[in-house]
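A.B. asks: Could you build the full structure based on these sequences and the hints that come with them?
The sequence shown begins at 1 in the working numbering and counts up one residue at a time.
Some hints here could point you the wrong way.
[Said to hold, decoys possible] Ranges between beta-carbon positions, derived for each pair:
#1 36 with 57: 29 to 39 angstroms
#2 8 with 56: 13 to 23 angstroms
#3 3 with 55: 11 to 21 angstroms
#4 56 with 36: 10 to 20 angstroms
#5 56 with 7: 15 to 25 angstroms
#6 6 with 40: 14 to 24 angstroms
#7 5 with 56: 10 to 20 angstroms
#8 52 with 9: 12 to 22 angstroms
#9 5 with 40: 17 to 27 angstroms
The hints are simulated quantities; they were obtained by calculation from the structure and are not laboratory data.
None of these values were measured; they are calculated from a predicted model.
Each residue gets a CB set at the ideal place from its N, CA and C atoms; glycine is no exception.
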Amino acid sequence: MALIALAGVNALALRLVPAWRLLDQVDSRGTISRFRTAGLISLVCWFGVLALARWPGLF
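C.D. replies: In structure tokens, the structure reads:
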């Protein structure tokens, strides 16, 4: 369970870090926006994994 929680924190960090770390690398295609989207998708997937681990019959 601790590994799943750690992975969730990692997904949250992936969601938040690029917003301030890559500000100087923003291009017209929205680099930061793509990182935020990838981080958000990762976070949603991890919440799905947590829900599946907690309630196996849910899905």
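A.B. asks: Could you see if the CB distance from residue 3 to residue 55 stays within 11 to 21 angstroms?
C.D. replies: holds, 19 angstroms
A.B. asks: Confirm or reject the claim that residue 52 and residue 9 have a C-beta distance inside 12 to 22 angstroms.
C.D. replies: Cβ of residue 52 to Cβ of residue 9: about 18 angstroms, so the range 12 to 22 angstroms holds.
A.B. asks: Is 13 to 23 angstroms a correct range for the gap between the Cβ atoms of residue 8 and residue 56?
C.D. replies: This hint holds: roughly 18 angstroms between Cβ atoms.
A.B. asks: So does residue 36 sit 29 to 39 angstroms from residue 57, Cβ to Cβ?
C.D. replies: holds, 33 angstroms
A.B. asks: State, for the Cβ atoms of residue 6 and residue 40, whether the hinted interval 14 to 24 angstroms holds or is violated.
C.D. replies: holds, 19 angstroms
A.B. asks: Range hint 10 to 20 angstroms: satisfied by the CB atoms of residue 5 and residue 56?
C.D. replies: At 18 angstroms between Cβs, range holds.
A.B. asks: Given the hint of 17 to 27 angstroms, check if residue 5 and residue 40 actually sit that far apart at their C-beta atoms.
C.D. replies: holds, 18 angstroms
A.B. asks: Could one say that the CB atoms of residue 56 and residue 36 fall in the range 10 to 20 angstroms?
C.D. replies: At roughly 31 angstroms between Cβ atoms, residue 36 and residue 56 fall outside 10 to 20 angstroms, so the hint is violated.
A.B. asks: So the hint says 15 to 25 angstroms: do the beta-carbon atoms of residue 56 and residue 7 match that?
C.D. replies: holds, 18 angstroms
Going through the hint list in order, the structure does not satisfy hint 4, though it satisfies all others.
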